[in-house]
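There are 4 protein chains.
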Amino acid sequence: MIIVMQKQAGEAAVARVVDFIRSRGLQEHISRGEERTIIGAVGDERVFSPNDLENLPEVERVVRVLNDWKIISRESRAEDSVIQVRGVAFGGSGMLDIAADEARAASADAVFLDPFYLSVRPYAEVDTSSEKGQILQMRAQVARLHEAGKPVLVRIRDVRQIEAALDAEADILYLGGELMSNRALQDEVGRLNTPVVLCKDKHHRADDWLVAAEHIALRGNRHIILGEAGTLSFEPEHTYRLDVDAIVRVRRVTHLPVIANITRLWHNDMPQEVLYRLAQASGVNGVVSSLP
Amino acid sequence: MIIVMQKQAGEAAVARVVDFIRSRGLQEHISRGEERTIIGAVGDERVFSPNDLENLPEVERVVRVLNDWKIISRESRAEDSVIQVRGVAFGGSGMLDIAADEARAASADAVFLDPFYLSVRPYAEVDTSSEKGQILQMRAQVARLHEAGKPVLVRIRDVRQIEAALDAEADILYLGGELMSNRALQDEVGRLNTPVVLCKDKHHRADDWLVAAEHIALRGNRHIILGEAGTLSFEPEHTYRLDVDAIVRVRRVTHLPVIANITRLWHNDMPQEVLYRLAQASGVNGVVSSLP
Amino acid sequence: MIIVMQKQAGEAAVARVVDFIRSRGLQEHISRGEERTIIGAVGDERVFSPNDLENLPEVERVVRVLNDWKIISRESRAEDSVIQVRGVAFGGSGMLDIAADEARAASADAVFLDPFYLSVRPYAEVDTSSEKGQILQMRAQVARLHEAGKPVLVRIRDVRQIEAALDAEADILYLGGELMSNRALQDEVGRLNTPVVLCKDKHHRADDWLVAAEHIALRGNRHIILGEAGTLSFEPEHTYRLDVDAIVRVRRVTHLPVIANITRLWHNDMPQEVLYRLAQASGVNGVVSSLP
Amino acid sequence: MIIVMQKQAGEAAVARVVDFIRSRGLQEHISRGEERTIIGAVGDERVFSPNDLENLPEVERVVRVLNDWKIISRESRAEDSVIQVRGVAFGGSGMLDIAADEARAASADAVFLDPFYLSVRPYAEVDTSSEKGQILQMRAQVARLHEAGKPVLVRIRDVRQIEAALDAEADILYLGGELMSNRALQDEVGRLNTPVVLCKDKHHRADDWLVAAEHIALRGNRHIILGEAGTLSFEPEHTYRLDVDAIVRVRRVTHLPVIANITRLWHNDMPQEVLYRLAQASGVNGVVSSLP
Numbered sequence: 001m002i003i004v005m006q007k008q009a010g011e012a013a014v015a016r017v018v019d020f021i022r023s024r025g026l027q028e029h030i031s032r033g034e035e036r037t038i039i040g041a042v043g044d045e046r047v048f049s050p051n052d053l054e055n056l057p058e059v060e061r062v063v064r065v066l067n068d069w070k071i072i073s074r075e076s077r078a079e080d081s082v083i084q085v086r087g088v089a090f091g092g093s094g095m096l097d098i099a100a101d102e103a104r105a106a107s108a109d110a111v112f113l114d115p116f117y118l119s120v121r122p123y124a125e126v127d128t129s130s131e132k133g134q135i136l137q138m139r140a141q142v143a144r145l146h147e148a149g150k151p152v153l154v155r156i157r158d159v160r161q162i163e164a165a166l167d168a169e170a171d172i173l174y175l176g177g178e179l180m181s182n183r184a185l186q187d188e189v190g191r192l193n194t195p196v197v198l199c200k201d202k203h204h205r206a207d208d209w210l211v212a213a214e215h216i217a218l219r220g221n222r223h224i225i226l227g228e229a230g231t232l233s234f235e236p237e238h239t240y241r242l243d244v245d246a247i248v249r250v251r252r253v254t255h256l257p258v259i260a261n262i263t264r265l266w267h268n269d270m271p272q273e274v275l276y277r278l279a280q281a282s283g284v285n286g287v288v289s290s291l292p
Numbered sequence: 001m002i003i004v005m006q007k008q009a010g011e012a013a014v015a016r017v018v019d020f021i022r023s024r025g026l027q028e029h030i031s032r033g034e035e036r037t038i039i040g041a042v043g044d045e046r047v048f049s050p051n052d053l054e055n056l057p058e059v060e061r062v063v064r065v066l067n068d069w070k071i072i073s074r075e076s077r078a079e080d081s082v083i084q085v086r087g088v089a090f091g092g093s094g095m096l097d098i099a100a101d102e103a104r105a106a107s108a109d110a111v112f113l114d115p116f117y118l119s120v121r122p123y124a125e126v127d128t129s130s131e132k133g134q135i136l137q138m139r140a141q142v143a144r145l146h147e148a149g150k151p152v153l154v155r156i157r158d159v160r161q162i163e164a165a166l167d168a169e170a171d172i173l174y175l176g177g178e179l180m181s182n183r184a185l186q187d188e189v190g191r192l193n194t195p196v197v198l199c200k201d202k203h204h205r206a207d208d209w210l211v212a213a214e215h216i217a218l219r220g221n222r223h224i225i226l227g228e229a230g231t232l233s234f235e236p237e238h239t240y241r242l243d244v245d246a247i248v249r250v251r252r253v254t255h256l257p258v259i260a261n262i263t264r265l266w267h268n269d270m271p272q273e274v275l276y277r278l279a280q281a282s283g284v285n286g287v288v289s290s291l292p
Numbered sequence: 001m002i003i004v005m006q007k008q009a010g011e012a013a014v015a016r017v018v019d020f021i022r023s024r025g026l027q028e029h030i031s032r033g034e035e036r037t038i039i040g041a042v043g044d045e046r047v048f049s050p051n052d053l054e055n056l057p058e059v060e061r062v063v064r065v066l067n068d069w070k071i072i073s074r075e076s077r078a079e080d081s082v083i084q085v086r087g088v089a090f091g092g093s094g095m096l097d098i099a100a101d102e103a104r105a106a107s108a109d110a111v112f113l114d115p116f117y118l119s120v121r122p123y124a125e126v127d128t129s130s131e132k133g134q135i136l137q138m139r140a141q142v143a144r145l146h147e148a149g150k151p152v153l154v155r156i157r158d159v160r161q162i163e164a165a166l167d168a169e170a171d172i173l174y175l176g177g178e179l180m181s182n183r184a185l186q187d188e189v190g191r192l193n194t195p196v197v198l199c200k201d202k203h204h205r206a207d208d209w210l211v212a213a214e215h216i217a218l219r220g221n222r223h224i225i226l227g228e229a230g231t232l233s234f235e236p237e238h239t240y241r242l243d244v245d246a247i248v249r250v251r252r253v254t255h256l257p258v259i260a261n262i263t264r265l266w267h268n269d270m271p272q273e274v275l276y277r278l279a280q281a282s283g284v285n286g287v288v289s290s291l292p
Numbered sequence: 001m002i003i004v005m006q007k008q009a010g011e012a013a014v015a016r017v018v019d020f021i022r023s024r025g026l027q028e029h030i031s032r033g034e035e036r037t038i039i040g041a042v043g044d045e046r047v048f049s050p051n052d053l054e055n056l057p058e059v060e061r062v063v064r065v066l067n068d069w070k071i072i073s074r075e076s077r078a079e080d081s082v083i084q085v086r087g088v089a090f091g092g093s094g095m096l097d098i099a100a101d102e103a104r105a106a107s108a109d110a111v112f113l114d115p116f117y118l119s120v121r122p123y124a125e126v127d128t129s130s131e132k133g134q135i136l137q138m139r140a141q142v143a144r145l146h147e148a149g150k151p152v153l154v155r156i157r158d159v160r161q162i163e164a165a166l167d168a169e170a171d172i173l174y175l176g177g178e179l180m181s182n183r184a185l186q187d188e189v190g191r192l193n194t195p196v197v198l199c200k201d202k203h204h205r206a207d208d209w210l211v212a213a214e215h216i217a218l219r220g221n222r223h224i225i226l227g228e229a230g231t232l233s234f235e236p237e238h239t240y241r242l243d244v245d246a247i248v249r250v251r252r253v254t255h256l257p258v259i260a261n262i263t264r265l266w267h268n269d270m271p272q273e274v275l276y277r278l279a280q281a282s283g284v285n286g287v288v289s290s291l292p
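Top to bottom, those sequences are chains A, B, C and D.
Just so you know, the first sequence maps onto residues 1 to 292 in UniProt numbering.
Just so you know, the second sequence maps onto residues 1 to 292 in UniProt numbering.
Just so you know, the third sequence maps onto residues 1 to 292 in UniProt numbering.
Just so you know, the fourth sequence maps onto residues 1 to 292 in UniProt numbering.
Keep in mind that the hints were calculated from the coordinates and are not lab data.
Hints may contain errors.
To be verified - Heads up, simulated DSS-like pairs for lysine-lysine below, C-alpha to C-alpha not over 30 Å straight-line:
| id | chain 1 | residue 1 | chain 2 | residue 2 |
| --- | --- | --- | --- | --- |
| 1 | B | 7 | C | 70 |
| 2 | D | 7 | A | 70 |
| 3 | B | 70 | C | 7 |
| 4 | A | 7 | D | 70 |
Build the full structure now, drawing on both the sequences and the hints.
Put into structure tokens, the structure is as follows:
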């Protein structure tokens, strides 16, 4: 970590920063320039947060040198990791076609199910099916798809649904962006051996995504696929857009497979076919779509 | 709802839209201009979504006339709703000082607790306390604060924590932005009688917030407080900022109380005192802060 | 235009809206629903702005039906317009390779020059060349490129440079995004017969772009090419990104050619080759790049 | 400047960076950690751009230590600079009321004129006044306001209008955000002695603003006032919002006065009175408004 002191920072302020650095088991490395004193903290800077230092007196700015992820980075493993599921390879150079609909299973490489979906519109016709009914239906779908030899991704929306999905023999657990902040759930998923898709939410930067993936990997589960399903747009009529920039970035810095889910991103001004081409151009390993 | 047809739209396309409108129990109202045919759908448009129509052939654009919220709007109730908790009034013209720290309880109107917090940094020193330990500590804190006559807001981060918070006699359940997409949890909270703070997440527009609040209100719980705790910023070094614009908007269109949580939004370039003043200028009914 | 009145709006407020509509030569069309009165303004709504109406009492919202562009829309002309410059076709199904550097002219379809560039960094080594020197150099470059049979795009950064560029026989004037708000300059360009590239700026929505293009077309110049050179990004280390969504949208609603300028959008996490593929996938008619 | 090398970076890559640093007159300062080699470039880093280094092989990231502004920073001058115009002080602790309308001049501290405004809507009723007419009207207005003892801010929209404004005896030149990229115009303004308001555009970060202000100060003109007139919003119906965060930041890092222009930022969900209070809470030295 590099600490840039304010121009007028005095010796006492520098000493406080040095004390802090040593107290965390790192070593300082001071360089006094004409306009600024700069302090390097050498060692594993991952054990504390820049904010801890930024709040010390006369500190101007704190810059991290190491990333908060390690296991999932290309520095740990240069080649793409490939996750084999029922004979289908997620990762590497292939590009999987994942159907968002059982009906199109025959021509797809894998199928995505969203059994626990609830409408976000309060006055929508309420789905009268109970969670029990949802679970029974999911079990039947997974069984049919397995018979047809297709791997199945099951989206869970709550920590209580993990068990039901595993009981139904889901091949891959799909965590939507809203679960990116749920470290307790990620702890549980991290202790499983089942592959997991980790989607970032609409406001996350690529780094938030990688940090959450590292969190899961650190708990033991290395079968992680990154999922991109939309980020904020400025266009007033279309709230979300595919984050091609984040896909390109994470493909470069991690060895994990990346898929795009475009089922809720198309609209009159952005046909699903074009989204598919854009995802492909950004280098994804698979696309979840409702294209026929 | 108003449906604007494409310029060249033919009679068949208009007829399909009309059929759809009637099938949902609404009535059409057609107006043929020189450049466009426009179809009004008269009746309760809340039962279907603009997308259902936008996907019909030769439809250019669909505009909603009614909002997806009703109970919580000022049209249902013009005056501010006020929620009384242990003698403290949330809402109306007062401005509550809510401490984010038990230590400052004595001078505050209420206290905010976050017992289930987990670090988002994978390599942070892991908190070794078990959830059981967290719960015991929360109980003790709530008891002490109640003895001092202070209402307590407890942040839950998972549906499984609702019961523990209620058992500990939390006065108000605080739902962080990450729970905005969890309709199942909102269903449970909606069936309670305990006041609830509903925060929007970093990417939500004001309307998403109001729709979720209506969802809870529709389940029966009318003790809803809106909470704002940060939205996306463009400044590279500071990820989030206080969404003063959204606060102003919701104070105008709903009668619900609104509080701001500024504890994680201050930094070197934005002192907490200034955030406090900005929140106040935007019209909030209370601020959660760690100001002394 | 459609005017949605507030729920409690009275007859007087409706009458004021009607008066306004008639005063501008349009006709009203009133529809009273259970929850809202809606007023349609039939006729050419392009003569006034929604704000004029939104500020009238008891108006809730104003929705435009017609767009502010007409000449450049696919409704006026369904097929792509193609602009021929020295035998090179801008528009249609081709994809032009435009070099941002004279050195690579031989293999390119056209060449982009930026003779009036000034560093935005105050302490950069100052370019000592005078504007006169810049102009002489530009003339020589254009002459050499014409000899080689290549069309030349010249970026102007100020209204005073139009004449110099035309004198140098620039084939296409390139207006950067910072000129999108300069209607006076657009008036001049609109009265020329020289093809023009109109770039949107980093904060513009697609509609702002189309409105400015219509402004030029309305003055008489129909040789307009839309240019996309970057929009705001959320990633802290990379300020701008290619706006693929806007490209897709404008390719659908206008018949104008669209090019992307990726020379300032690549960085460590986004190689220029990938940007090129993304631009292609979004349907552009040409790319300005510094690829070898 | 601090250069973080990639993990696997070899000696050759380090040597190339060192060569580059020396070639620009700075000195290197190498620190080899376990996971990264870090190179400090000691000296005036303002003479080159991080990109120059980022493009060298095996460089991961380049971090600036010094800012690109100096003259305008509080490090050069701790106390607020105050610009006196006709007896009215811009800057310091006062808060000026600037009328956007001559009609309200009597009760205001200063008056803002926008004589060269052109509608951005192509089909708006065209203003038939010539530029000559605009100039004559401006002269008359400025004269009347001077008689009443009021300082006048004149917005210019093009470099050709500087002279006309000065001839009319405008006290302060107001540069809208669209002129932030026009370094040629800023050069001219920088050589004047007339006070200038420099607005950032809707997509600029606070640093872009400060860099442009330094550019003007470096040319000699130190009478600079920063102006904030709107930044991008995510709310679909309201394109722009007041950037209170940027105001707070620049008030801390520069000694320049800052004013907010709220005349085009208010709407049904954001009354001008509330904007005024927000601007005040953020610490501005003046507000341009159309409040009565």
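Given pair status - residue 7 of chain C, residue 70 of chain B, alpha carbons within 30 Å:
Distance ~11 Å between residue 70 of chain B and residue 7 of chain C Cα, so the pair holds.
Are the Cα positions of residue 7 of chain B and residue 70 of chain C separated by 30 Å at most?
holds (11 Å)
Pair hint residue 7 of chain A and residue 70 of chain D, alpha-carbon separation not exceeding 30 Å
holds (12 Å)
Proposed proximity, residue 70 of chain A with residue 7 of chain D (alpha carbon, max 30 Å):
Holds, at roughly 11 Å.
Figure legend: structure checked against the earlier numbered hints; every hint is met.
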